[in-house]
Amino acid sequence: MFSFVLSSQIQHYMKKIVLVFLLASISFVINANDSTKFSLNNQVVADADNAGLTLPSGFGALIAADNLGRARHIVATKQGGLYVKLERLVGGKGIVYLTDANKDGKMEVETSFGNYIGTGIAIKDNYLYASSNEDVFRYQLDENGKVTNPDNPQRIVKGLWDKRQHASKSIALDNAGNIYVNIGAPSNSCQEVDRTKGSKGMYPCPILDSAGGIWQFKVDQTDQGYHNGVRYATGLRNVVGLDWNQQQNKLYVTMHGRDMLYTLYPDMFDTTVSAELPSETMYEINKGDDAGWPYVYYDHFQKKKVLSPEYGGDGKKAGGEKAIDPIAAFPAHMAPNALLFYTGNQFPAKYKNGAFIAFHGSWNRSPLPQEGYYVVFIPFENGKPSGQWEVFANGFSGTEVVKNPRDAKHRPCGLTEDSDGSLYVSDDVKGTVYRIVYNAK
Amino acid sequence: MKYVYFLSLVLVLSSAFVSRSATNTVQPAIKASIDRGKTIYLQRCMACHQVDGSGVPRLNPPLDGASTVKGNDKLKLVRIIIKGMTERVEIDGEYYDNNMSANPDLTDTQIADVLNYIRNSWSNKASLVTAAEVKAARTKIK
Chain A
-14 MFSFVLSSQI QHYMKKIVLV FLLASISFVI NANDSTKFSL NNQVVADADN
36 AGLTLPSGFG ALIAADNLGR ARHIVATKQG GLYVKLERLV GGKGIVYLTD
86 ANKDGKMEVE TSFGNYIGTG IAIKDNYLYA SSNEDVFRYQ LDENGKVTNP
136 DNPQRIVKGL WDKRQHASKS IALDNAGNIY VNIGAPSNSC QEVDRTKGSK
186 GMYPCPILDS AGGIWQFKVD QTDQGYHNGV RYATGLRNVV GLDWNQQQNK
236 LYVTMHGRDM LYTLYPDMFD TTVSAELPSE TMYEINKGDD AGWPYVYYDH
286 FQKKKVLSPE YGGDGKKAGG EKAIDPIAAF PAHMAPNALL FYTGNQFPAK
336 YKNGAFIAFH GSWNRSPLPQ EGYYVVFIPF ENGKPSGQWE VFANGFSGTE
386 VVKNPRDAKH RPCGLTEDSD GSLYVSDDVK GTVYRIVYNA K
Chain B
92 MKYVYFLSLV LVLSSAFVSR SATNTVQPAI KASIDRGKTI YLQRCMACHQ
142 VDGSGVPRLN PPLDGASTVK GNDKLKLVRI IIKGMTERVE IDGEYYDNNM
192 SANPDLTDTQ IADVLNYIRN SWSNKASLVT AAEVKAARTK IK
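Each protein sequence line maps, in turn, to chains A and B. Residues -14 to 426, numbered by my numbering, are exactly what the first sequence covers, in order. Residues 92 to 233, numbered by my numbering, are exactly what the second sequence covers, in order.
Just so you know, not all the hints are guaranteed correct.
[Claimed, not checked] Pairs of lysine to aspartate or glutamate, DMTMM-like flavour, derived with a Cα cap of 25 Å: (1) A:Lys88 to A:Asp110; (2) A:Lys182 to B:Asp143; (3) A:Lys415 to B:Asp155; (4) A:Lys394 to B:Glu185; (5) A:Lys388 to B:Asp183; (6) A:Lys185 to B:Asp196; (7) B:Lys167 to B:Asp183; (8) A:Lys288 to A:Glu261; (9) B:Lys165 to B:Glu224; (10) B:Lys129 to A:Asp392; (11) B:Lys129 to A:Glu261; (12) A:Lys388 to B:Glu185.
Derived by calculation from the structure, the hints in this document are not laboratory data.
If we strip away everything but chain B, and leave its shape as in the complex, we get (with noise of 0.2 Å):
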């Protein structure tokens, strides 16, 4: 029994270490968009959503764990991104009373960089946004 325990164990180290490594090798491209998109976060979104993402109890919502933000409906991402937010809305049971900024002088690659970067850190982990999905979720926003 405890020699099957064992080789579990080996098994669910061993693929984490091949999925880490196929991350490192694959995502290079991902790791720039990532840190550029920090530099931004910090600029625009740090001071609502903090700098671990957990945001500010009825204010302003995490992005740290966020249903929306770890999701796939990436043109609601871009469409709060450049549009901002101000309609009273549950987010994930909770309810956030400060006013969101537009963002509408970012460039289709600073979207997604910063998508990448809140997509990605704290806990979250998501698939990458390309600026061409930007790009084409921005004809979409009126």
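Just chain A, with the same shape it has in the complex (with noise of 0.2 Å):
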């Protein structure tokens, strides 16, 4: 910005050679500070151990914070700093503000605030917005990146769903003064009762007009809920990962899906083909999709919309033919909890627009292992995954096989990128925030 600004001035004033020298020498000062603050980037190392991680070579890890609750969200700031949404409070405190004065890595907690738990936590332009379970708030950031007004946020959103399953309301935002919000289903697949063996699908399903979908609203409005947002996007059971794509000006999601198939279809399904199915879905999401829960699930063996057991389906049959296609699907039950669009120059150019997909990982595979509990990585190319998805980071379980969900002692949960291009993951069983960088070790 500054060089632009000092080049033209060079050519404005080309023939006056004293001033030219002059701004040349202002010129050196300011490059001079730009190294300097290169190389205290440079002191960002990455643990001996790469914090436990497993990488791709080139790629280092360190524990950037730890012991900070049951960190879900993440968002940095362009200033360094990160935000941390926590999902119980710490101190009655429900947001953690980290900072590193001297630039190694290592992030102290500067202050928390926020009396309230959940998942969600952006920044748009100088806001800091964040989720409770049934709300949205908004906070002013000063020229560091911190909150001015800690205590007394706008609420530009209220009165949401939370009815305990999949309550967590996650945000994005886009370029033209919107927040989308996911409302979760409070269902499995909108059975008459929940989970029963039995019970039969509700046709058409209630739920949709109040959840299993992405919500529109206004960023700067208050107290803004159902009757003046924009159901965006619908027939999605659980989107906890999403974010908003700015090379296609799009949004972009991750989708839990359903659980129990052999549980609650024993005689259609085995206990294998019901840990395999059905895919956690990505969806690129145009405003008025449905993709086409609690109808349909993805079959990603079979690569297609399957008809659901709850409404006539065999574990064979077609539908949703209305219903969007997911533009990747995953092994099941992995739970993406956050997806993050890469646009940082640290990593390699493969990674460039990119997507990451934190996997919390799954618990209803048993009797089989459980899977998941990694950062994933998948190429795109004009808004579309170009190549196949690849584990980038593993090991945050801490254990080789993780049979149950209790022996992960960290789950992938948020991502964000820093201002230099380090990708921070935070892990919601011990409160870790990893950074992870790309030839700092």
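Reconstruct the complex from the two isolated chains, following the hints.
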């Protein structure tokens, strides 16, 4: 920015040689400052054991913060700070603000605020947005990226469904003054009695009026609710990961697929099929889209939308002709809890504009071993996956095989990108924040 | 002093042996019930509560070591199995978000069996639940 201004000034005063010299010397001072900043960044070195993670060659990881509590989603400020949303209050507070005064990568808690639990947190245009399980709040950020009104946020959305199951409200923001809020369906597959063998699927599913979709609200209006929000997309059982893709100027989401095919329909499915199906799915969302829940689920083996057994399906019959198809499908039940399109320059070129997905890890693949508990990368070109997904960061669980979710020492839950291009991953078991860096070891 | 330790060790071991042999002679019926209960557990309960009863943090409560599971309020346990559970309740200091299935189709004997399995597996040890007790409890559950 400064050097651009300077170079145009240089052009403007081209003939005034003395001034050129003067400007050149100022420019030198500024460049010197830049390189100082760069060398400070270089002091962020990976932990000797890469924080216990397994990463592709050239990458390293360090523990940026630890023992924060149940760290759900996270967001980095332009200035190098980090906001962490907690699912359980610590000292009566639900948001932690971390800074790194000496730029060594090890962050310190500067302050905490917000007397509500929740998952969603995001920054757009000098505002911090955070969600409880029924409301969304907005805070003003100062020039250092610090919240100026920690105790008096503007409540921009209120009164969304919080019926325990799938109650977390993940958020993302576009470039046109809108915020997108996931309202997860408090149900597995919209049965009359949830998760109960022999209970019929309700048709039409009444839940879809108030949940099972993404709602759009204005960023700057107070106390919006169902009455003035827009149901932007429906048929999405529970989206926890969502991100606004800046390249495509479009919303992308990752959905948690349904559970318990075997438990509910033992005559139709066995435990292995039930562990492997349905797919966890990623969608590109246009306004008005319907992803088909609860009437269909996606089967990545048959590569089609399959009619749910609650609605007359048998594991083979196709359904959901009007519903959108996923742009990527993953093994069942791995719980994609965060989605991030990587826009930084620190990582190698293949990562640019690709998607990182934090898989919280499965619980209903039992008696098979559980899956997930890692961060995945999927390359993108022109808004579509351009290759197979791969495990990017593994080892969070601290154990070779996770038989039962309680075995996992850490579970990836949130993702954010630092202004220097590092990738942060949060864990909601111990409240560890990992920072993944390239070539910094 | 060493002798005293040795003696008490012998006493502890022998009492353990006595109680175990008593268990073996008295409880073939319980064992049969527990075995039948395991089959039901694997079909109906395992997906959420896990093979080892450890549950899923914040979603599905553990059964292993749970105070209610091991407790004497059998009516409460029968009610949870028949009616399922959807309320926000604290269980041993934690909240769990998933709804529990209702199982109104299980017979009195099946409910007794699955309770006997859950109450006597992993680290749990609790008294027998009979089909008659389940039947009596069922009449009180609306």
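Is it true that the CA of A:Lys182 sits at most 25 Å from the CA of B:Asp143?
holds, 22 Å
Between A:Lys388 and B:Glu185, is the straight-line Cα distance small enough, at 25 Å or below?
Roughly 22 Å separates the two Cα atoms, so the pair holds.
Holds or violated: A:Lys415 and B:Asp155, Cα atoms, limit 25 Å.
holds, 22 Å
So if I understand the rule, the pair passes when the alpha-carbon distance is 25 Å or less; does B:Lys129 with A:Asp392 pass? This hinted pair holds, its Cα atoms lying about 22 Å apart.
Inset, instruction - Compare the distance between the alpha carbons of B:Lys165 and B:Glu224 with 25 Å, and conclude whether the hinted pair is satisfied. - result: holds, 8 Å
query: Given the hinted pair A:Lys388 and B:Asp183, is their alpha-carbon gap at most 25 Å?
result: holds, 23 Å
A:Lys88 and A:Asp110 were given as a pair; does the straight-line alpha-carbon distance stay at or below 25 Å? holds, 24 Å
Exercise for review: Take the C-alpha atoms of A:Lys394 and B:Glu185, compute the straight-line distance between them, and say whether it is at most 25 Å.
Suggested key: holds, 18 Å
Q) For the pair supplied as a hint, A:Lys185 and B:Asp196, is the alpha-carbon distance within the 25 Å limit? A) This hinted pair holds, its Cα atoms lying about 15 Å apart.
Mind checking the alpha carbons of B:Lys129 and A:Glu261 for me, to see if they're no more than 25 Å apart? Roughly 23 Å separates the two Cα atoms, so the pair holds.
Does the structure keep B:Lys167 and B:Asp183 at a Cα separation of 25 Å or less?
holds, 15 Å
**Report entry** A:Lys288 paired with A:Glu261 [C-alpha distance capped at 25 Å]
**Finding:** holds, 13 Å
When each numbered hint is compared with the structure, no violation occurs for any of them.
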